[in-house]
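J.: Okay, here's what each chain looks like letter by letter:
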Amino acid sequence: MTEPLLAIRGVKSFYGNIMALKGIDLHVNEGEIVTLIGANGAGKSTLMMTIFGTPQAREGAVIFDGRNITRLPPHEIAKLRIAQSPEGRRIFSRMTVLENLQMGAAIADPKYFADDLARICELFPRLEKRMNQRGGTLSGGEQQMLAIGRALMSRPRLILLDEPSLGLAPLLAKQIFAAIRVLNERDRLTVFLVEQNAFRALKLAHRGYVIVNGLITLAGSGAELLQRPEIRAAYLEAGRH
Amino acid sequence: MEYFVQQLINGITLGSIYGLIAIGYTMVYGIIGMINFAHGDIFMVGAFIALISFLTLVAIGLTAIPVALFIVLLIAMGLTALYGWTVERLAYRPLRHSFRLAPLISAIGMSIILQNYVQVAQSARVKPLPPLIEGTHVIIESDVFSVELSNIQIIVVLTTLALMIVFSWIVGKTRLGRDMRACEQDLKMASLLGVNIDRTISLTFVIGAALASVAGIMYLLYYGVIDFFIGFVAGVKAFTAAVLGGIGSLPGAMLGGLLIGLIETFWSAYFSIEYKDVAAFSILIVVLIFLPTGILGRPEVEKV
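These protein sequence lines map, in sequence, to chains A and W. Under our numbering, read the first sequence as residues -2 to 238, first letter to last. Under our numbering, read the second sequence as residues 2 to 305, first letter to last.
By construction, these hints were calculated from the structure, which means they are not laboratory data. Honestly, I wouldn't trust all of these hints.
Only pairs whose alpha carbons sit at most 25 angstroms apart, straight line, appear in this in silico DSS-like list of lysine-lysine [stated by the list, open to error]: (1) Lys189(W) x Lys19(A); (2) Lys174(W) x Lys76(A); (3) Lys76(A) x Lys189(W).
Partial pick of chain A residues on the chain W-facing surface, computed with a CB cut under 7 angstroms [said to hold, decoys possible]: (4) Asn26; (5) Gly28; (6) Gly57; (7) His72; (8) Met100.
Output of the computed footprint for chain W on chain A, the stretches with three or more beta carbons under 8 angstroms from beta carbons of chain W [unchecked claim]: (9) 11 to 23; (10) 101 to 114.
Think of the CB as a built atom: it goes at the ideal place given N, C-alpha and C, for glycine as much as any other residue.
Go ahead and model the full structure; you've got the sequences and the hints to work with.
T.: This is the structure:
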């Protein structure tokens, strides 16, 4: 078996004195889309941030490409070409769309900039028209596209997407998921996706994990998890339509 | 009328100096949300470094004033920047994740340390510098009152203008400036994108200190005397300028500096010179009460 691109081993993470992650084990292989689903407050976003070392895991290890990155500062982790579109999107609202994308390319070789920018515009044509507009003036969907585009500008080997469909109209959410599939299939981008929209996420992903209260309770292929009665009961029946 | 024009010239000169100091306050506030109370003393240290380098240059026989000025500028900017960097590294960075008041208290401590250090090392007496740049131009001749513009005033205003242009270019157009603005808006997100935020914060202090040192040189040239306490008053006024313009806003700091310089000068000219500091600080209070975000500041509301 080949080494996974990202492996999380027994990670415990705290917010203040509250243990948010209680020993998480999961892995993401190169070229996969892996999704992590769970309710609000289960620890999904904390895990995303813990991968980036902010907060740092208090116990356990985060291994990327065979290297232990648990104690690296966030900007060093970014330089290993892990990118994140974080919870709440965190667009630089007083910078233009172009500047946001330039920030995304902070660690990339400048010679790729023009090509990468064209690629993002092709993926999200709506951004192209807004290039010189301030990030804060974009609609929610456009901001989401910008957050993903910004993450892509670093030419990542692994992209972490935190709730890319949150707050979006169904049609827009569908577009975002379609874009993720294209990136995975065409560009062989490895995706680790956190979602509340479990149905879409599991349909898209090769494999999935379920997190409850800071612990992984279920794991399996996307199709398998979709069939599990406990998942249907907890995450699908209510939020599917 | 002549009197008014003269005060306008004096006010703009003074305002330029305040503006340069105010940038340091506003930049640091923008990026880490703290008021660097030691910044005024960094300005004072810059003035002392300039004085000492001038005297050293004269002692070794370099008396061509433009050359000497240029060398002093480089030395003062470099060494003062080093002070700024050191203050952040020693007194603020270790406290960055502490409670909000901690770096503020540490800044006040740093301010006292710098003042006492200069007082002990350079003595408490006022230090004079013989006038290096002389010459004035009479702009408006009049029997009652002639309006004069001195060469020093021209140098102060032009230097400030040039620095502001270069500085705005750095912030607006360069990679470093973009990183700084990103850190100012969202420190954590900037780090997720690979920006070394410790380095960016350090550079902010370095640039702020370098600008303050230029203000120190100009203060030295303009007034001809300095002492270890000039940083306190000038610092609080520049801080007032930053608040008036809208703390966190760079054009605001420049505008605020200019306004405080003008207000102080006109107050001294038309009302009473004894109360000029009272006038400046009353403005601080009035602004804080009625216009807490300043003239060009933005309210703390973000579109979601």
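J.: Could you run down the list of hints and mark each one as holding or not?
T.: Status of each hint after checking the structure:
1. Taken as a hint, the lysine 189(W) and lysine 19(A) pair is honoured in the structure, with Cα atoms around 24 angstroms apart against an allowance of 25 angstroms.
2. Pair hint lysine 174(W) plus lysine 76(A) holds up; C-alpha atoms about 23 angstroms apart against a cutoff of 25 angstroms.
3. Restraint check: the Cα-Cα separation between lysine 76(A) and lysine 189(W) comes to about 15 angstroms, which is no more than 25 angstroms; the hinted pair holds.
4. A hinted interface residue such as asparagine 26(A) counts as satisfied when its beta carbon comes closer than 7 angstroms to some beta carbon of chain W; here the least separation is about 23 angstroms, so the hint is violated.
5. Look at glycine 28(A): its Cβ only gets to about 23 angstroms from chain W, farther than 7 angstroms, so that hint breaks.
6. Hint status for glycine 57(A) relative to chain W: violated, with the closest Cβ pair at about 21 angstroms, above 7 angstroms.
7. Of the supplied interface hints, the one on histidine 72(A) holds, with its beta-carbon coming within about 5 angstroms of a beta-carbon of chain W, less than 7 angstroms.
8. With its C-beta approaching chain W no nearer than about 5 angstroms, methionine 100(A) sits inside the 7 angstroms limit, and its interface hint holds.
9. Here's how the segment 11 to 23 of chain A fares: 0 of its residues keep a CB closer than 8 angstroms to some CB of chain W, so the rule of at least three is not met and the hint is violated.
10. For a cut-off of 8 angstroms, the count of residues in the segment 101 to 114 of chain A with a CB near a CB of chain W stands at 3, and the three-residue condition holds.
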